[in-house]
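Put together the whole structure using the sequences plus the hints.
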Amino acid sequence: MDFTTERLKLRPVHIDDKESLFEYRSDSIANMYQGWIPGNIKDVEDFIMKIPAEINQPETWFQLAILLKETDKLIGDIGIHFMDKANMQAEIGCTLNKKYQSNGYATEALRKVIDYLFFDLNKHRIIASIDPENVNSIRLVERLGFRKEAHFIESLQLNGGWADDLIYAILKREWKVRG
1 MDFTTERLKL
11 RPVHIDDKES
21 LFEYRSDSIA
31 NMYQGWIPGN
41 IKDVEDFIMK
51 IPAEINQPET
61 WFQLAILLKE
71 TDKLIGDIGI
81 HFMDKANMQA
91 EIGCTLNKKY
101 QSNGYATEAL
111 RKVIDYLFFD
121 LNKHRIIASI
131 DPENVNSIRL
141 VERLGFRKEA
151 HFIESLQLNG
161 GWADDLIYAI
171 LKREWKVRG
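Going by this note's numbering, the sequence shown runs without a break in its numbering and finishes at 179.
Think of the hints as simulated: they come from the structure by calculation, not from any bench. Mixed in with the good hints there might be a few duds.
[Stated by the list, open to error] Calculated lysine to aspartate or glutamate pairs in the EDC-like style (CA-CA distance at most 16 Å, straight line):
hint, residue 1, residue 2
1, K18, D43
2, K148, E133
3, K148, E108
[As the list claims (entries may be wrong)] Label pairs and their in silico Cβ distance ranges:
hint, residue 1, residue 2, range
4, K148, M88, 32 to 42 Å
5, E174, E23, 15 to 25 Å
6, K85, L158, 37 to 47 Å
7, E70, I153, 40 to 50 Å
Beta carbons are placed, not taken as given, at the ideal position from N, Cα and C, and that holds for glycine.
Shown next, in the form of structure tokens:
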């Protein structure tokens, strides 16, 4: 399962991606809003080995690598959480190497993934869970048409403390209208 956009390739993350993934995922300042920051390559290997072999498995996370089409350079990843046993909802999250942020890559990649989730996998609803201080991610999902549905106070234990959690969502019928 591979996808292409105007400037990007998306494909499942595999073990050969471990060094590239570690390069940007281990930056604790750039990833301060992430729930997982690897301390070493072994952490990344363990993370990759937990990814299911097939996409769309209920109650699992699946990771897609984001690569520049021209160079095959891995610049980020998208996590897709198939949330429940009914498998009609998904959660998405995107991590981009800070060297490649502010170029529209996350928007371009997520549009493709959202199309796939709604039109190929027939999901009803997609959510994004975001720290309220992560203004760049908030802008990203709002640009994609997501609406804020909830603000939970100190609902997540993250990096040794309690964090608030914003929930943004979009329904398939809303995405069709935007298309």
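Tested hints:
no.	hint	result
1	K18 with D43	holds (9 Å)
2	K148 with E133	holds (14 Å)
3	K148 with E108	violated (21 Å)
4	K148 with M88: 32 to 42 Å	violated (21 Å)
5	E174 with E23: 15 to 25 Å	violated (36 Å)
6	K85 with L158: 37 to 47 Å	violated (26 Å)
7	E70 with I153: 40 to 50 Å	holds (44 Å)
In this structure, the earlier hints numbered 3, 4, 5 and 6 are contradicted, and the remaining ones agree with it.
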